[in-house]
Structures are given as structure tokens and as C-alpha cells.
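Trainee: The lines below spell out each chain.
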Amino acid sequence: MSERKVIDARGSFCPGPLMELIAALKLLQVGDEVEILSTDQGTAKDVPEWCAKVGHETVESGEKDGHWYVVVRKAK
Amino acid sequence: MTALPLFIMLSSADRDKLQLASMIASVAAVSERPVHVFVSMGAIKVFDKNASGNDRYGDSAFNAELCDKNAPDPIEMFSQGKMLGDMTMWACSMVLDVLGWEESHLVEDLFDGQIGLTKFLSDAEEGQLIAM
Numbered sequence: 000m001s002e003r004k005v006i007d008a009r010g011s012f013c014p015g016p017l018m019e020l021i022a023a024l025k026l027l028q029v030g031d032e033v034e035i036l037s038t039d040q041g042t043a044k045d046v047p048e049w050c051a052k053v054g055h056e057t058v059e060s061g062e063k064d065g066h067w068y069v070v071v072r073k074a075k
Numbered sequence: 000m001t002a003l004p005l006f007i008m009l010s011s012a013d014r015d016k017l018q019l020a021s022m023i024a025s026v027a028a029v030s031e032r033p034v035h036v037f038v039s040m041g042a043i044k045v046f047d048k049n050a051s052g053n054d055r056y057g058d059s060a061f062n063a064e065l066c067d068k069n070a071p072d073p074i075e076m077f078s079q080g081k082m083l084g085d086m087t088m089w090a091c092s093m094v095l096d097v098l099g100w101e102e103s104h105l106v107e108d109l110f111d112g113q114i115g116l117t118k119f120l121s122d123a124e125e126g127q128l129i130a131m
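Top to bottom, those sequences are chains A and B. The numbers in the first sequence follow numbering that gives the first Met the number 0, run straight up by one, and end at 75. The numbers in the second sequence follow numbering that gives the first Met the number 0, run straight up by one, and end at 131.
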């Protein structure tokens, strides 16, 4: 059964949130999801761009409670 | 399609330049783009394993802000790029010779060896070269 892991990268500067996401993805199974939380506004565009480039799936992204979030599904 | 390799040549101990170089290198490396970093001239002193903290960097226009905000250290980001992506780092053999340093003088587990400028430039013909 797939799972969703949450990574709180709030307070981390670019490219910290992306690096934390990548490190987490390496430990997960295909189909698992990761939600990354970030106070770096660039994350909201950088992470989906990275996913499109390397072949993972952006499930959703947005802003809530003063931070940005992106949910990524490991696709390979 | 295979991404065009990125070759980054570092020659300065300026924190601003090294900060940006490490960001470029690490992000490219984890984006399935091979990255090769060549460290020469004053930049090599930053990678002295006996240097510590922010003292290893030369001053720069943005250094104070980077330190105040605890921005990630460039050496840490180069290490992350190597760990998570496709990155190799080379020390310039000429500057090691000038300083009388062996590779063992450099930050551990970061460099893949030392090479000369001619070899690096030759390899860089197959990709995109950035000098900072």
C-alpha cells in the first residue's frame, strides 16, 4: 500500500527543499507520495519543474497558512 | 535525450560566486545532468580541510546576509550534489603544485582527483562551460 510522507523544509533556503525531497524519494517505493512544505516561494515552481524533467508526478501544489506545499508521487 | 553535461570552473574564493556555483552544480546534478567541477586558483583554498566555517570564504557583497540567515554552506551543497546526483569534482593540478598540497589536504570525500586544465577543457568541448 502506498504511503505519504511529509517533509517540513520550512526555513530552508533554495535549493534545500528540493534536496530534501530528492533524498526522501530515494527511500520510498514507486507509487508513494511525498508532501514538501516550504517557506521558499521558488519551491512551488522549482519542484514541479524538476518532477517534469526527471519523470516524477506532481499531484498537487499550492499555498496554505503562510507556506507553500507540493505533493509528489514517485513514478520510477 | 541525454542532457548536455555542465562544466563549472571555479577560480575565486568569493562566497557569492561559490554559493551560486554550488546551487547550480547541485541542482543540475540531481536533474539528471552530468556536472563536472574544476577548482583552481584562489577557490582551492576554500576546500582546505583545515579551514573552518565561514572563515574559509573571502568577503563578498552578499556574504553577511548569507551568514546571518544560515544559508546552506557551499561545500555542503557540493557534497549533496555528489551524493544525490551525477557530479564529479576535480582539483587543478597546477594550483596544488604551487601550494605544495596533496589531495589529502582537501575536504574529504568531495574530490574525485586532480587533473590539468588541458584535460578539463578538452572534456568541456562536449558540454556547456561556466567559469566563475
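Read the hints as simulated data drawn from the structure, not as lab findings. Check before you lean on any hint, since a few could be wrong.
Said to hold, decoys possible - Distance windows between CB atoms, simulated:
id, chain 1, residue 1, chain 2, residue 2, range
1, B, K68, A, T57, 38 to 44 angstroms
2, B, E124, A, E62, 42 to 48 angstroms
3, B, S59, A, A51, 30 to 36 angstroms
4, A, Q28, B, V97, 34 to 40 angstroms
5, B, Q127, A, G41, 19 to 25 angstroms
6, B, N53, A, G54, 33 to 39 angstroms
7, B, L116, A, A51, 46 to 52 angstroms
8, B, E124, A, E59, 38 to 44 angstroms
9, A, S1, B, D58, 28 to 34 angstroms
Just so it is clear, CB atoms sit at the ideal spot from N, CA and C, and this is done for glycine as well.
Trainee: Please go over all the hints and tell whether each is borne out by the structure.
Mentor: Against the structure, the hints:
1. Range check, K68(B) to T57(A): about 28 angstroms between beta-carbon atoms, so the 38 to 44 angstroms window is missed.
2. Evaluation of the 42 to 48 angstroms hint for E124(B) and E62(A) yields a pass: the beta carbon distance comes to about 44 angstroms.
3. S59(B) and A51(A) have their C-beta atoms about 34 angstroms apart, which keeps the hinted 30 to 36 angstroms range intact.
4. Checked against the hint of 34 to 40 angstroms, the pair Q28(A) and V97(B) fails, with Cβ atoms roughly 50 angstroms apart.
5. A hinted range of 19 to 25 angstroms holds for the C-beta pair Q127(B) and G41(A), which are about 22 angstroms apart.
6. Between N53(B) and G54(A) the CB atoms are about 38 angstroms apart, so this pair conforms to the stated range of 33 to 39 angstroms.
7. Range check, L116(B) to A51(A): about 36 angstroms between beta-carbon atoms, so the 46 to 52 angstroms window is missed.
8. Distance hint check for E124(B) and E59(A): the Cβ-Cβ separation is about 43 angstroms, which falls inside the suggested range of 38 to 44 angstroms.
9. A C-beta distance of roughly 49 angstroms is found between S1(A) and D58(B), which places it outside the suggested range of 28 to 34 angstroms.
Violated hints, in rising order: 1, 4, 7, 9; the structure is consistent with all others.
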